[in-house]
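Trainee: Throw the hints in and build the complete structure from the sequences for me.
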Amino acid sequence: MGAAGVALDAPTAAPDAPTAPEVVPEVVCEATVNSIRVQWKVQLDPRVHAVPVKAELTPCPVPQGSERMMPASGPEGAISGTCDFHFLYAGQDHTFRLFVGEGARPTLELRIRTAACGKAVEPRIARMLPADMWPTYVGPEHELGEWLGLCPEDMVWTFSPSFDVLRSLWLNACFTLPSRHSPIAQCPNPIRRYCLDLTKRQPWLRNKKVRRHKSDFRLTVNANFRATFQQCERTHREAGRGSWITPDLIEGLDRCRKEDGELKVYSIELWEKSTGQLAAAIMALSVGDIFHDYTTATMLRDGRSPGAILTKVVGHLLTEAGYTLWYWGFKNPYMGEYDGQYGGLELRNDLDFWPRWRQAREMSCLPGNVDLAKRVPPGGGASHGGLDLAVI
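Residue numbers (the UniProt record's numbering): 1 to 392.
To be clear, the hints were calculated from the coordinates, so they are not data collected in a lab.
Any given hint could be a false lead.
To be verified - With a cut-off of at most 30 Å between alpha-carbon atoms, the simulated DSSO-like pairs for lysine-lysine come out as follows:
| hint | residue 1 | residue 2 |
| --- | --- | --- |
| 1 | Lys273 | Lys209 |
| 2 | Lys258 | Lys273 |
| 3 | Lys273 | Lys119 |
| 4 | Lys54 | Lys41 |
| 5 | Lys331 | Lys200 |
| 6 | Lys208 | Lys119 |
| 7 | Lys208 | Lys331 |
| 8 | Lys119 | Lys41 |
| 9 | Lys374 | Lys209 |
| 10 | Lys374 | Lys208 |
To be verified - Ranges of calculated distance between the beta carbons of each label pair, as one might list FRET restraints:
| hint | residue 1 | residue 2 | range |
| --- | --- | --- | --- |
| 11 | Ser80 | Arg127 | 18 to 24 Å |
| 12 | Ala104 | Glu251 | 54 to 60 Å |
| 13 | Pro59 | Tyr334 | 37 to 43 Å |
| 14 | Arg255 | Pro188 | 20 to 26 Å |
| 15 | Val391 | Gly242 | 34 to 40 Å |
| 16 | Pro59 | Arg255 | 38 to 44 Å |
| 17 | Pro183 | Gly145 | 23 to 29 Å |
| 18 | Val28 | Met133 | 26 to 32 Å |
| 19 | Ser274 | Pro183 | 42 to 48 Å |
| 20 | Glu122 | Arg206 | 52 to 58 Å |
| 21 | Glu146 | Glu251 | 25 to 31 Å |
Predicted model only: the values in this text are computed from it and were never measured.
Even glycine gets a Cβ: it sits at the ideal position worked out from N, Cα and C.
Mentor: What follows is the structure, given as structure tokens:
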């Protein structure tokens with residue numbers, strides 16, 4: 001059973017007020033393949049100013065907080081709210097109950113059935129998908145938000161996503177991993193997210209290899225976004241790792257970069273000055289004061305470790321630019337070296353990460369939003385523009 005409740009102020013009524021309020025409910029229901037939204041309004045007896053309210057949905061596979069209730073006082077004693085329930089199964093009957101007051105009988109009881117398949121999924125394909133895939137589907141019918149942090153799995157998925165769906169996923173802390181061979185795109189949404197706390201004032205530039213070899217390199221931001229992204233794809237493929245970097249993904253992220261709105265998108269290039277060669281790259285996006293790199297690549301491999309130098313220098317620049325959190329994704333073994341002096345930590349998606357992300361989204365809409373491009377002017381190359389690391 002899933003339940004959500006809000007205890008409003010104790011009743012304030014005349015001495016002869018009824019022990020149970022007389023109520024007349026109004027309700028609007030919406031159901032997708034894996035979510036239910038109930039908007040309700042209850043007109044109380046004029047003598048009753050406030051009552052305890054509770055809602056529940058049965059069955060509900062994610063009982064702890066997956067449904068949200070936002071009651072609000074209205075005119076003439078009316079109270080209203082919205083209850084959202086997510087990660088449900090397709091084509092399943094549910095019962096919604098709303099309890100107003102202290103009575104054991106529900107004020108409102110509804111039977112609601114989830115849809116048989118996702119709005120974006122062709123019925124022919126939907127019939128081939130296992131039932132346990134549908135709870136984590138996201139599509140154009142969903143209003144994405146903080147409820148994603150309550151997902152019981154590390155991935156959600158979408159089907160042939162439009163640009164609007166992609167951008168909504170990126171704005172809601174879910175990157176996308178498309179496939180050239182399938183219309184299904186997996187979207188990492190880790191229950192535990194590995195991040196670097198940039199408020200710790202890490203000693204980024206004191207790293208031995210940074211001090212020894214930084215003068216060999218120049219750093220640029222968005223020197224050539226598409227070309228850098230394509231080079232990352234080739235580097236991954238040549239290393240035998242395969243690649244989820246597709247032309248549509250490059251197109252969508254580049255469109256967001258050009259829009260330069262709430263979502264900031266970057267290619268960060270490290271150039272070897274003596275040869276003009278692209279030595280390493282980080283592809284990233286940011287929302288407010290949270291920075292998220294979604295892929296990295298090292299094209300020049302030698303004893304100087306250009307990829308590690310780029311990571312350390314970017315950490316320094318992000319701190320200077322005003323970022324407070326650097327999100328890396330799932331924790332891999334090599335990340336352990338960043339647990340100590342570099343501020344590495346794992347954040348719970350629901351309790352720790354998403355409250356930070358919500359604040360970052362609010363910040364991203366304000367004038368003077370954090371932007372790496374304000375610290376490193378865009379453009380340039382191996383011999384000009386950007387930042388000569390010899391001077392940092």
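Trainee: For each hint, tell me whether it holds in the structure or not.
Mentor: Do the hints match the structure? See the list:
| no. | hint | result |
| --- | --- | --- |
| 1 | Lys273 to Lys209 | 17 Å, holds |
| 2 | Lys258 to Lys273 | 28 Å, holds |
| 3 | Lys273 to Lys119 | 51 Å, violated |
| 4 | Lys54 to Lys41 | 13 Å, holds |
| 5 | Lys331 to Lys200 | 19 Å, holds |
| 6 | Lys208 to Lys119 | 54 Å, violated |
| 7 | Lys208 to Lys331 | 24 Å, holds |
| 8 | Lys119 to Lys41 | 28 Å, holds |
| 9 | Lys374 to Lys209 | 26 Å, holds |
| 10 | Lys374 to Lys208 | 27 Å, holds |
| 11 | Ser80 to Arg127: 18 to 24 Å | 39 Å, violated |
| 12 | Ala104 to Glu251: 54 to 60 Å | 57 Å, holds |
| 13 | Pro59 to Tyr334: 37 to 43 Å | 42 Å, holds |
| 14 | Arg255 to Pro188: 20 to 26 Å | 21 Å, holds |
| 15 | Val391 to Gly242: 34 to 40 Å | 39 Å, holds |
| 16 | Pro59 to Arg255: 38 to 44 Å | 41 Å, holds |
| 17 | Pro183 to Gly145: 23 to 29 Å | 25 Å, holds |
| 18 | Val28 to Met133: 26 to 32 Å | 28 Å, holds |
| 19 | Ser274 to Pro183: 42 to 48 Å | 45 Å, holds |
| 20 | Glu122 to Arg206: 52 to 58 Å | 56 Å, holds |
| 21 | Glu146 to Glu251: 25 to 31 Å | 28 Å, holds |
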